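Line by line, the protein sequences give chains A and B.
If you read the first sequence in my numbering, its first letter stands for residue 1, the second for the next number, and so on.
If you read the second sequence in my numbering, its first letter stands for residue 1, the second for the next number, and so on.
No wet-lab data here; the hints were simulated from the structure.
No experiment lies behind these values; they were computed from the predicted model shown.
Watch out, some of these pointers could steer you wrong.
Claimed, not checked - Mimicking DSBU-like on lysine-lysine, the simulated pairs with C-alpha atoms at most 30 Å apart in a straight line are:
no., chain 1, residue 1, chain 2, residue 2
1, B, LYS108, B, LYS153
2, A, LYS24, B, LYS111
3, A, LYS128, B, LYS70
4, A, LYS18, B, LYS108
5, B, LYS108, A, LYS126
6, B, LYS70, A, LYS126
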Amino acid sequence: MNAQPDGKGQYRSSDSRKRESIFKRARGIIWIGALVILPILIDHPYYREIIALIFLWSAMAGAWNIVGGYAGKFSLGHAAFFGVGAYTSGLLYVRLGISPWLGMIAGVILSVLLALFIGVVTLRLKGKFFALCTIAFAQLIEIMGVYLRSVTGGSEGLQIPFNAGFWNLTFSSKLTWVYVFGGMMLLVYGISRWIERSALGYKLSALREDEDAAEALGINTLWAKLACISISAALTSIGGSLFAQYFLWLEPSFVLGIDLSIQFALYAIIGGMGTAIGPILGATLLTPLQIFLRAAFGTSASGISMLIYGLILILVVLFMPKGMAVEIGDRIRKRSQSSRVKSTSGEVSIVP
Amino acid sequence: MSLETFDLTMRFGGLVAVKNVNLQIHGKELVGLIGPNGAGKTTLFNIITGYYRPTNGRVVFNDRDVTGWKTHRITRLGLCRTFQLTRPFSHLSLLDNVVVGALCHEPKPEKAKEIAYRALQQVGLEMRAGSLAQGMPIGFRKKLELARALATKPKTLLLDEVMGGLNPHEVREMCSTISAIHKAGTGIVLIEHVMSAVMSICQRVVVLHHGEQIATGTPNEIGKDRAVMEAYLGKKYSNGSA
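Just chain B, with the same shape it has in the complex:
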């Protein structure tokens, strides 16, 4: 079980958003994907999950070349993503939102409801199962995104900034939820700007900058990496602090 990309490149006109990225996520790893704004992180997710067809390169999931597949087929294969700007089905209840995900592998709505309810429990939203998704605060919407993705029974989860906009208490909650999902046997790739979270829960960190993969290693190694510091702070300050 693994997710691999080979020389993945995405060009939008003159802009190269992702350049020769060779990603390797082994089985049940929890990998952080970081990088300054505009580094190409979300674009990478969009390519992997079939929203964009890459200009060049291949995406291989569980030994199957899924490059150019439709998004729903990739999800059915066990690779599900969440959206950075949450996209709840506003006029459905939270439970029904998650049921939609559960229907991915369970054709019967009655049984899908049970799966959905368990997914809501995993993220701690079960007490709001009946309320409409419309007008939920950001913390709830992020949890809902996660629950919906969980309900599709993914083998690997791609989480796009599930902690963005959360308060410190909610970040801690989300960290423990993600760790629990990981321990239960799901591989996770985590795009995140909340560094404390990335450093504390990820086993490995991949750094993107201007669409290129500039570093990869354990959180500790990444914290000391010169190229990474340059990317985040600029040459001048990275020299001073290193």
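Chain A on its own, in the form it takes in the complex:
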């Protein structure tokens, strides 16, 4: 699917296919095992915090990628869904004492409704016009968050009380949060992989390339776009609710701000849009980088950290314009192809 040539696999013998699927499953188990064991080994709250954030932002970049990568609709308003999720569960918990687990569901419902509304209004727009419209919607919600002070606490922020307990979705151990966010990341990854293989994934990549041609082939492009923005909004909203309970402090300028929207997009772009693993790669590289740079230069020269961060981003974009996942994948494929051509040079190169 997505950017790579596909479809060469499915006419091979069932034997090799079976072997490959066993190999893939084993590789998956090893990865998940590493994700479970590694945080236990790293017994330091600071590093555990970094890992927790890597997982959370990976999940959010992955959720953005469903719209921005698979459907090619460049949203710069995903903070709206994140903030709606955070504020819905946070406010229900603080003001009415409703469990954040239920608040999370309420947040998902609200976010999906918002996504459908935004979708119906803006999804016929293309390219930058869609991006501008999503910024406008997110700004609207941010302004509402500031002005509805009696409800949201306005710019002073919303403090969420710390009462550790499962039902309160509040954990005192950093390790628990690492696993919660890790689970979230796996959920987003799993859904992304499912979309890639499903009919929806084909439809999204078709409409990303050419909407008119997709319509001509019988695809209800509006429906496909609404489905994908709803899935993305729901996942982003869940991330927002989790973040609220983790951070215990909400502020419109952060959870609803454009910086956060850009951050989601940036992780996915650097890591590789339109791939399931790309957003995870991007967040894994950039989250600790940001934190370390800020820690290293934050006090002595506060601007320098952003400067270096910006330089690194420029370098990555210059040398890996398609994103890390795609570029690395291309390189591996090229190497394996060139070795295959050497071994069977006769039959490969004849076809014009």
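Since chain A is already given, all that's left is putting chain B on it; use the hints.
Relative to chain A, chain B alone:
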């Protein structure tokens, strides 16, 4: 099974692109749609497949009034078109391009891949199934358009200049492919400028000029028609050669 238009008219501001066209394509006919540049052929396709809403008139397909329907619904009903300027999904493989079409009636991607592969075989592109559509030569892109449309299992196909830009060898190939599709039971309307192809494979020819239907008949009749010659050559030369 039939495709009919009643008094179809399309006006863009002051320009009348299609004027009172009454088209009748019966079941499994292979009909050529010809006419000089700007005659309104592609506009007619655009109206029939729902890209434009006509200023006036109706489109009826298989006894259902599809005027104003969304394009994807019309395709699902069995009326699929190709684009004159080919529009491949460049970053997908040829097979995946066709799978998108096959998903029209087959929700499972695995099965859709089989349908898609067969469609690629029909146009003779199966050996390139895995390569990207990006940067394909024109002949391949035209075949890919056709394969994608075929994968939607159309009852009637609207082909917009699938032979434009092909070399004589490729034109012959395309002619036999189209004839084979027709023999397998699909109705075809063919917009084409390659006259030798139109005359050799079409059962009937419809001629448009300035948006109006000026003639219809067998290829032989059309070749002798005075109005048609005037449209193509101008009054002076049509007199001389007739």
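Verification of the hints:
no.	hint	in the structure
1	LYS108(B) to LYS153(B)	holds, 15 Å
2	LYS24(A) to LYS111(B)	holds, 22 Å
3	LYS128(A) to LYS70(B)	holds, 25 Å
4	LYS18(A) to LYS108(B)	holds, 20 Å
5	LYS108(B) to LYS126(A)	holds, 29 Å
6	LYS70(B) to LYS126(A)	holds, 19 Å
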